[in-house]
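Student: Residue strings, one per chain:
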Amino acid sequence: DSGVTQTPKHLITATGQRVTLRCSPRSGDLSVYWYQQSLDQGLQFLIHYYNGEERAKGNILERFSAQQFPDLHSELNLSSLELGDSALYFCASSVEPAPNYGYTFGSGTRLTVV
Amino acid sequence: AQSVTQLDSQVPVFEEAPVELRCNYSSSVSVYLFWYVQYPNQGLQLLLKYLSGSTLVKGINGFEAEFNKSQTSFHLRKPSVHISDTAEYFCAVRLNSGYSTLTFGKGTMLLVSP
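Protein chains in written order, with the numbering used here: chain A, 169 to 282; chain B, 3 to 116.
Hints listed in this document are in silico derivations from the structure and should not be mistaken for laboratory results. We treat Cβ as the ideally placed atom computed from N, Cα and C, and that holds for glycine.
With a Cα cut of at most 30 Å, we get these calculated DSSO-like pairs of lysine-lysine:
| no. | chain 1 | residue 1 | chain 2 | residue 2 |
| --- | --- | --- | --- | --- |
| 1 | B | 71 | B | 51 |
| 2 | B | 51 | A | 225 |
| 3 | B | 108 | B | 60 |
| 4 | A | 177 | B | 108 |
| 5 | A | 177 | A | 225 |
| 6 | B | 51 | A | 177 |
| 7 | A | 225 | B | 108 |
| 8 | B | 60 | B | 71 |
| 9 | B | 108 | B | 51 |
| 10 | B | 108 | B | 71 |
A few chain A residues that don't get close to chain B, going by computed Cβ distances all over 12 Å:
| no. | residue |
| --- | --- |
| 11 | 181 |
| 12 | 186 |
| 13 | 190 |
| 14 | 230 |
| 15 | 235 |
| 16 | 247 |
| 17 | 252 |
Take the sequences, apply the hints, and build the full model.
Tutor: Listed below in structure tokens is the structure:
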């Protein structure tokens, strides 16, 4: 157990729907990062929150949004889902954005859009 | 911007044989380097990282990696692999100053057979 908790583990939904993925970071970690893992694109950085504030955006679609709450858990909202959004979504946490820290990853949420 | 190239998408090897997984990076400034492992149906786990100092870095599970600045490489090695080492391995890079997130390579699947 890495200490980073992601729920749900699996999600199957239809095109056009909206889903919310949840992440609880490791105790004491202020940074939460979201990544999308697909076979063709590999691991793509989506967005980073630090202590409740958005810090950076990567290859995140406009249909996707995220937030980090005062208790530091984060949610990734995916809307108007398309077949191509099917992927593994990982959350990772870190004590701070300092570059010498690696990330601690959760076990991911596997999203299947049908 | 930084980037990572993992030259082999798949590396088959027999149990107890040595293995090297190759990683090259590109960056105009100094970087920190990481190797992560992903076992089937799990999240990513940090194997080792290079921040500074000795260019030979030892990690968990008997893995080690060597940083070569002139060749911009950070190859991962293990002298004798086990069946349990079968997993996907990801090389990642992060700038060592200013703000940046982890940028991952596309991964190398290590397949260990008896």
